[in-house]
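Residue strings, one per chain:
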Amino acid sequence: MAVVSTENVPVKTEPDVVAVRRRVREVASQLGLSLVDQTKLITAASELARNTIIYGGGGSMEMQVLNGPRNGVRLIFQDNGPGIPDIELALRDGFTTGSGLGLGLGGSKRLVNEFDIVSYPGSGTKITITRWK
Amino acid sequence: MDKIPILRMGDFLLVTIQVDMHDRLAMALQDDLTRTISQTEAHGVLIDISTLEIVDSFIGRMLSNIAAMSRVLDAETVVVGMQPAVAITLVELGLSLPGVRTALNVDAGMELLRSSVNAHKELYGSRLH
Numbered sequence: 001m002a003v004v005s006t007e008n009v010p011v012k013t014e015p016d017v018v019a020v021r022r023r024v025r026e027v028a029s030q031l032g033l034s035l036v037d038q039t040k041l042i043t044a045a046s047e048l049a050r051n052t053i054i055y056g057g058g059g060s061m062e063m064q065v066l067n068g069p070r071n072g073v074r075l076i077f078q079d080n081g082p083g084i085p086d087i088e089l090a091l092r093d094g095f096t097t098g099s100g101l102g103l104g105l106g107g108s109k110r111l112v113n114e115f116d117i118v119s120y121p122g123s124g125t126k127i128t129i130t131r132w133k
Numbered sequence: 134m135d136k137i138p139i140l141r142m143g144d145f146l147l148v149t150i151q152v153d154m155h156d157r158l159a160m161a162l163q164d165d166l167t168r169t170i171s172q173t174e175a176h177g178v179l180i181d182i183s184t185l186e187i188v189d190s191f192i193g194r195m196l197s198n199i200a201a202m203s204r205v206l207d208a209e210t211v212v213v214g215m216q217p218a219v220a221i222t223l224v225e226l227g228l229s230l231p232g233v234r235t236a237l238n239v240d241a242g243m244e245l246l247r248s249s250v251n252a253h254k255e256l257y258g259s260r261l262h
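Protein chains in written order, with our numbering: chain A, 1 to 133; chain B, 134 to 262.
If a hint is listed, it holds; no wrong ones were tucked in.
If you want the footprint, here are the derived chain B segments under chain A, 3+ residues with CB under 8 Å: (1) 152-160; (2) 183-196; (3) 224-231.
Hints were generated in silico from the structure; no laboratory data involved.
As the structure is a computational prediction, the values presented were derived from the model and not from experiment.
Even glycine gets a Cβ: it sits at the ideal position worked out from N, Cα and C.
The whole structure should be built from the sequences, with the hints applied where relevant.
Okay, here's the thing in structure tokens:
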């Protein structure tokens, strides 16, 4: 599997969430993902981008186009916020420390093929999601 | 700041969301709509989301909030035109839009609003002014 292209998108302000959605759609549709798969990936990206801003205090998204036996899109959201003390709890539907519905993390996990989260209190959060064609 | 227009059609308010909304715009729509319902004494709100490419948990919550707030203000809300891919994604995300009535298109939505407003009038009589 090879990374064909990489780009960085800032995720710092609210309009950045809209920019993330637009950019992920462009790339996912170029790659030929089905409309349902595109919609799932964009929705997951939208949830994670919002989390990056609200809980992480802003950060960035790295978007990779993957080429290999299967083509796909990988998104890496990274922030330097307070981190997530209990990941298992944070993934549970309905759990929130903010004012949201608590569907962002668990919900986005269901919308993609691969989901990985690395977070330590005090040193930020890194969430990687992949949707294969 | 951008604003999503709210049109008045007789007893009903009509909203067509045609832009990819950032969160503040969605919140502004919620406020504008509740204010307009109370000013115009509208009995129904029709929200057309056929051009929306995604509904995430924030927009989903806004739709649920609008439906709940308008109900308290004596108005029914119908959301119409959701794309199939959006519906599939929404349910997988874990949102089923509780309390939000939906219809496939604007015509069916208007029909639904008219019949529920008529049923309401028969039960409680029309308003006093």
